[in-house]
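Novice: Sequence:
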Amino acid sequence: MENEVAKVVSDQSFLQTLAIFMDEGGVFMWIILATWTFGIAIALERIKSLFSYDIDGNSLMNMVKKHVLNNDVEKAIQSCSNSKAMLPMVLKSGLKRANQEKDQIQDAVDSTILEVTPKVDKRMSYLGLVANVSTLIGLLGTIYGLIESFAAVANADPSSKAKLLALGISKAMNTTAFGLISAISIMVVHNILSNKSEKIIAEIEEYSLKLVDLLGTKKKKMPPIPNNTSNAA
65 MENEVAKVVS DQSFLQTLAI FMDEGGVFMW IILATWTFGI AIALERIKSL
115 FSYDIDGNSL MNMVKKHVLN NDVEKAIQSC SNSKAMLPMV LKSGLKRANQ
165 EKDQIQDAVD STILEVTPKV DKRMSYLGLV ANVSTLIGLL GTIYGLIESF
215 AAVANADPSS KAKLLALGIS KAMNTTAFGL ISAISIMVVH NILSNKSEKI
265 IAEIEEYSLK LVDLLGTKKK KMPPIPNNTS NAA
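Residues in the sequence shown are numbered consecutively from 65, following the working numbering.
Quick caveat, the hints were computed from the structure, so don't treat them as lab data.
Mixed in with the good hints, there may be bad ones.
What the hints assert, rightly or not - For lysine to aspartate or glutamate, the following EDC-like pairs were computed, each having C-alpha atoms within a straight-line distance of at most 16 Å:
#1 Lys166 <-> Asp277
#2 Lys148 <-> Asp118
#3 Lys274 <-> Glu109
#4 Lys186 <-> Glu109
#5 Lys160 <-> Glu138
#6 Lys183 <-> Asp277
#7 Lys263 <-> Asp167
#8 Lys183 <-> Asp136
#9 Lys160 <-> Asp136
#10 Lys263 <-> Asp118
#11 Lys274 <-> Asp185
#12 Lys129 <-> Glu270
#13 Lys274 <-> Asp174
#14 Lys260 <-> Asp118
#15 Lys260 <-> Glu109
#16 Lys160 <-> Glu262
#17 Lys183 <-> Glu109
#18 Lys112 <-> Asp174
#19 Lys160 <-> Asp171
#20 Lys263 <-> Asp185
#21 Lys260 <-> Asp185
#22 Lys129 <-> Asp118
#23 Lys130 <-> Asp277
#24 Lys160 <-> Asp174
#25 Lys186 <-> Asp118
Unchecked claim - Label-pair distances were calculated between CB atoms; the ranges are:
#26 Lys263 <-> Ala105: 49 to 55 Å
#27 Lys139 <-> Leu244: 21 to 27 Å
#28 Asn196 <-> Ser116: 24 to 30 Å
#29 Ser258 <-> Asn219: 47 to 53 Å
#30 Asp120 <-> Asn163: 23 to 29 Å
#31 Lys263 <-> Lys225: 21 to 27 Å
From the three backbone atoms N, C-alpha and C, an ideal C-beta is built for every residue, glycine too.
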């Protein structure tokens with residue numbers, strides 16, 4: 065029971081300290097908080113999207129290669145149809161043109177790459193912007209706080225000027241501290257997500273090139289792909 069009471073008191077103390085910290089920093093603290101929240105929302109959306117776009121490219125390519133070498137392109141297409149990831153989408157576009165010329169296969173793959181790449185990089189630049197804006201707003205808030213502090217002590221009692229000035233500077237630094245907290249956290253997430261998107265794009269380029277080469281080599285050995293669309297007589 066005592067531990068629970070101590071925990072409640074500790075939580076209240078933390079919230080009170082946080083409230084004082086935000087209040088002392090002034091309006092700029094709330095602007096930084098809004099900017100940080102915006103960055104976190106984008107980061108969460110990007111994390112969800114990028115992890116759904118990613119796939120074990122090596123395993124998928126081995127499966128596709130196996131079906132292509134067995135002259136069963138339909139199964140290769142099916143293996144790329146059960147995923148929302150970007151690589152299967154690109155490979156599928158090439159497999160659908162397996163009986164066409166190598167240049168036509170390449171055109172289909174390139175077209176799909178151009179379609180999916182913006183989805184992988186979508187909103188990534190906003191994260192860098194949020195980090196920079198948070199830092200700059202923090203500095204702006206500090207400068208504004210310092211101006212107010214110097215103005216406040218201009219007509220104060222000489223014996224209390226140093227104390228008032230130190231207190232004012234301490235409060236003004238809150239915005240810089242909060243801005244840096246926001247910027248650092250967003251920059252870390254941005255770097256992680258950038259590496260993830262680069263990995264996805266690199267695998268798309270690597271395995272699409274391998275697929276075009278594979279289909280170009282096997283083109284003459286593969287039977288026509290069945291056309292499920294019935295044509296009217």
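Novice: Which of the listed hints are broken here?
Specialist: Of the numbered hints given earlier, those the structure breaks are 3, 6, 7, 8, 11, 16, 18, 22, 26, 27, 31, listed in rising order.
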